[in-house]
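One-letter residues, chain by chain:
There are 2 protein chains.
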Amino acid sequence: MNNFVYYAPTKVHFGKGKHREVGEIIKGYGYTKIMLQYGQGSIKKSGLYDEIMDSLKASGIEVVEMGGVEPNPKITFVREAVKRAKEEKVQLILAVGGGSVIDSCKYTAAGAASDCDVWDFPTRKSVAVNALPIGCVLTLAAAGSEMSSSAVITNLEFNMKRGFNSDTNRCLFAICNPELTYTVDKYQTACGIVDIMAHTMERYFTVCEPTDLTDRIAESLLKAVIDAGKVLMEDSCNYEARATMMWASSLSHNDLTGCGRENVLAVHQLEHALSGEFDKIAHGAGLAVLFPAWARYVYRYNIPRFAQFARRVWEVTESDDEKAAVMGIETMAQYFAFLEMPVRLKDFNIPRDCMDKLAQLCTFGRQRSVKSYVDMDYDVIKAIFESCY
Amino acid sequence: MNNFVYYAPTKVHFGKGKHREVGEIIKGYGYTKIMLQYGQGSIKKSGLYDEIMDSLKASGIEVVEMGGVEPNPKITFVREAVKRAKEEKVQLILAVGGGSVIDSCKYTAAGAASDCDVWDFPTRKSVAVNALPIGCVLTLAAAGSEMSSSAVITNLEFNMKRGFNSDTNRCLFAICNPELTYTVDKYQTACGIVDIMAHTMERYFTVCEPTDLTDRIAESLLKAVIDAGKVLMEDSCNYEARATMMWASSLSHNDLTGCGRENVLAVHQLEHALSGEFDKIAHGAGLAVLFPAWARYVYRYNIPRFAQFARRVWEVTESDDEKAAVMGIETMAQYFAFLEMPVRLKDFNIPRDCMDKLAQLCTFGRQRSVKSYVDMDYDVIKAIFESCY
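Chains X and P supply the protein sequences, listed in that same order. Once you know that position 325 of the first sequence is 324 in numbering that gives the first Met the number 0, the rest is easy, because the numbers rise by one and skip nothing. Once you know that position 384 of the second sequence is 383 in numbering that gives the first Met the number 0, the rest is easy, because the numbers rise by one and skip nothing.
Derived by calculation from the structure, the hints in this document are not laboratory data. Fair warning: there could be bad hints in the mix.
One copy or two, either will do: identical chains are not told apart, so a pair holds if it fits within one copy or between any two.
[Claimed, not checked] Calculated pairs, SDA-like style, for lysine to any residue (alpha carbon to alpha carbon, straight line, at most 20 angstroms): (1) Lys-222 with Arg-304; (2) Lys-10 with Asp-320; (3) Lys-381 with Arg-78; (4) Lys-26 with Asp-166; (5) Lys-10 with Ser-165; (6) Lys-32 with Gly-162; (7) Lys-10 with Pro-132; (8) Lys-82 with Thr-316; (9) Lys-10 with Arg-365; (10) Lys-32 with Asn-129; (11) Lys-44 with Gly-27; (12) Lys-10 with Asp-166; (13) Lys-15 with Asp-320; (14) Lys-10 with Asn-129; (15) Lys-222 with Arg-310; (16) Lys-15 with Asn-2; (17) Lys-322 with Asn-301; (18) Lys-222 with Glu-314; (19) Lys-15 with Asn-1; (20) Lys-10 with Glu-261.
Given the structure is predicted, the values throughout are model-derived calculations rather than measurements.
Work the whole structure out from these sequences, hints included.
Printed below as a string of structure tokens:
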């Protein structure tokens with residue numbers, strides 16, 4: 000077990016009806032003026048917006064509104080939000096939405112407490128030392144941003160999707176009501192399942208010794224999510240399955256599933272190149288294609304690990320390690336197909352000749368490689384993209 | 000899944016050599032004067048005391064010392080510590096030790112920020128609203144106090160052991176170096192294993208619907224601890240096994256293993272009566288006797304639950320639920336015996352005629368019952384104590 004620091008201070012209010020407590024919760028911290036961010040307006044159609052505003056109003060919270068956060072949130076929006084947050088002197092940034100809205104709020108919170116440009120955080124020109132407190136009302140179980148230290152942003156000027164990790168990105172509180180995800184469609188639900196699984200598997204497949212307790216927790220989480228996914232493909236309003244997904248999304252990315260292990264997220268680096276270049280690709284869908292492709296390439300460098308994964312998570316009974324490893328990967332790929340996720344890159348209708356560009360993006364123009372069981376340089380990454388076109 | 004609040008804000012610094020960072024960590028928070036509490040002097044023999052003091056000194060931290068915390072810490076000691084903490088205006092209470100020292104620090108921290116007597120917290124005469132920040136350097140993997148909200152204290156005036164739960168009891172930071180537990184003897188190591196398992200099993204066996212993700216996490220933790228225990232009975236200096244125990248001790252009692260479930264800790268209520276009345280009984284040893292006795296009594300009220308426990312944790316393959324349930328309980332009891340824990344109450348050399356007194360203590364003189372799969376009133380509890388004498 001590697002040395003580690005574990006810090007997940009977010010107070011999670013989980014369960015039915017909890018979003019109606021948002022005003023009371025914020026008031027409990029003593030804040031009276033906040034910025035509210037949300038997405039493309041679905042919360043207005045669903046009535047959630049009204050419920051949130053009623054709760055805030057009842058607690059006497061003044062609200063500065065910034066709706067319109069896009070999926071793969073944009074740096075331009077954040078810059079505008081930072082400007083308003085400073086002008087209006089808001090005390091807390093509240094996200095009502097999924098990972099994109101929360102990530103937008105994380106950048107806003109860090110930017111509002113700093114004099115630098117927010118693009119300086121992911122490009123390492125500045126370090127976020129302070130941030131306004133962030134709260135969220137979660138409406139999508141997927142990204143795990145509600146408890147994570149990471150925040151990803153897209154800069155269309157360079158077609159780049161980049162993230163940074165900082166404890167200043169940790170939400171002060173997260174309100175998680177699984178009922179709010181009943182209306183998430185099949186495709187987005189499936190994307191969420193893949194994202195949650197990927198956050199867990201990325202940590203599971205890093206270069207370090209087995210860490211029995213962390214391994215078993217990761218395997219548990221995967222099994223529970225896989226089963227919940229099966230239920231949700233049939234019954235989108237199953238509370239227990241929605242609750243499992245929502246709580247798993249938080250736990251899969253709050254570092255619990257990686258304690259004592261490396262924290263590299265290799266496949267995410269490939270996927271960020273993909274959905275950075277092609278803005279319409281959903282992160283989870285990209286991962287559904289890339290994770291099996293990556294696994295088929297690297298498993299031979301750690302066969303016992305992939306065999307354990309196959310046996311404990313996918314209940315593969317094959318006694319030969321290499322055969323079991325392959326069966327585990329293919330069972331995973333079949334599960335993603337069962338979720339009706341795309342299987343190959345061409346399913347996204349992207350051009351055949353973009354592989355060079357994607358591999359360049361992953362390696363900063365061949366300047367670096369991505370760490371995994373084998374060092375993935377430009378050639379390896381291009382080969383992985385090619386293999387799943 | 001029941002609604003729940005999850006809040007585990009303690010920053011955990013885990014791994015080899017980490018205790019030498021204590022001064023730096025405290026300085027990082029801006030504190031310059033602290034109270035240091037520790038136990039009966041073993042940290043002086045081991046050299047840990049010197050290492051801690053060197054680290055604190057190097058960071059310019061002024062230290063008010065309160066050594067001598069007893070196992071099952073006493074209210075009289077805490078009252079003295081509160082007095083000194085107030086007089087000396089310390090800013091943080093640092094525990095170097097196991098659950099007893101940490102619990103003593105929790106009461107001290109709450110008492111130092113209040114005008115009431117510290118016995119008022121467990122007796123519900125006062126509510127802890129504030130507390131000084133608490134840090135710890137953990138030397139024993141058992142109680143999980145380093146991340147829990149609970150704190151237990153003994154009042155010899157009434158021969159009572161009582162606890163209270165509050166977020167003010169959460170440590171600000173916990174330094175967890177598994178190497179510091181290499182010298183813990185076989186008996187105390189075994190007590191720790193039972194305590195960690197009990198914290199997890201108590202939450203697993205509460206009156207509510209199955210909660211798949213939480214169930215699986217709990218089962219994972221139990222399996223990892225059971226395996227680590229087997230290693231440690233042979234090799235007390237196995238780092239991985241010590242690390243598994245230490246991290247499991249924190250996770251088993253920081254509420255993770257109970258999310259979405261009731262939080263009653265029924266067997267703990269019986270054990271607190273036992274070790275409250277007989278001060279020399281180690282908490283884990285008491286639990287090793289009482290847990291199987293309790294389970295043999297209540298399993299018939301939730302056979303499917305005990306069957307799941309038997310199959311997933313103890314790998315029982317019996318297909319009949321009731322038979323599997325019983326086999327699981329007996330395998331658990333055998334495992335505790337393998338750990339060389341006492342099997343019956345008479346192994347503690349306590350008198351045969353104390354059952355009435357113990358049952359009275361659990362039920363506040365027959366005034367209330369303890370909640371479990373069946374309501375445990377005075378008669379039931381007395382019968383459970385009798386059954387394992």
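Margin query: Of all the hints numbered above, which does this structure not satisfy? Sort the numbers upward.
Written below: 2, 3, 6, 8, 9, 11 and 13
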